[in-house]
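**Q** Sequence:
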Amino acid sequence: MNEHESVVDLRLDRAHSSRIYDYFLGGKTNFLADRMAAGSVLGVFPAALVAARINREFMHRTTRVLAASGMRQFLDIGTGIPTAPNLHDVAQGIAPDARVVYTDNDPIVLAHAAALLRSTPEGRTAYVQADVHDPAGILTAPQLLDTLDLGRPVALSLNALMHFVPDDGADRAHEIVECLKAALPSGSTLAMSHATPDFSPEAMGKIIKIYGEAGTRLQFRSRPAFLRFFDGWELLEPGVTLSHQWRPDHPEDATHVTDAEAACYAGVARKP
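Each residue of the sequence shown is one higher than the last, beginning at 63 in the numbering used here.
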């Protein structure tokens, strides 16, 4: 190691939200602290595995719908540990020339980012190590500006992310999303999912406590608070739903879990 290199502390002795989610999705990039926290969550919310997987499927469906509708630029904030198929696999499977920028703040995602950079020859992917708390930093990152044209429509993806941004009395989450929305031109879209306490408040309260003890703060939001993230944009049909009910691939997919098991709102909107 030369004097210009530095060691990244992955803090594997502490649970991290992206590695807990990786565990729920059946991945292998998680460690004892993550599995212990995941076990605690499952103890109070046994449907966590189902909720994580149907949320992931929501991302697949929205990406397919948007790529098929002509979107060619995608910005995925809060990417998480790569889990095939990743967003670019889905988008470029429909539009090989699609361009995708991923961002996350977990250094272990950076360690696995090569899986996110396997673009088609016609398209392009890039990775930005960044935090959603600094939206301006994301929007001005050289990797993003080299990959996306912010003068053309961008499909912004905020899947299961903003519940990791507590407001602390200042409406921070909505301000961050408004900053991102303002930077994108007409025709851009926002695909978003967000955990809610509306159907199982006691279990959701216990999950907030478990994550808090692991060092990660959460704020689950009601349906009206989730709707506000789309202010000024036009919701695509069927509007705000539970994550498994947004344009399911098969009719039975919309009924195979209860609202309390899904515990996550979802929606897609377009900028006029």
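Because the hints were derived from the structure by calculation, they are not lab data. There may be inaccurate statements among the hints.
[Unchecked claim] In silico EDC-like cross-links for lysine to aspartate or glutamate, where the CA-CA straight-line distance does not exceed 20 angstroms:
1) K333 to D211
2) K333 to E299
3) K243 to D211
**Q** Give a verdict on every hint.
**A** Each hint tested on the structure:
1. At roughly 16 angstroms between alpha-carbon atoms, K333 and D211 fall within 20 angstroms of each other, so this suggested pair holds.
2. A hinted pair counts as satisfied when its Cα atoms are at most 20 angstroms apart, and K333 with E299 qualifies at roughly 14 angstroms.
3. At most 20 angstroms may separate the alpha-carbon atoms for a hinted pair to count; K243 and D211 meet this at roughly 15 angstroms.
Of the hints listed earlier, there is not a single one the structure fails to meet.
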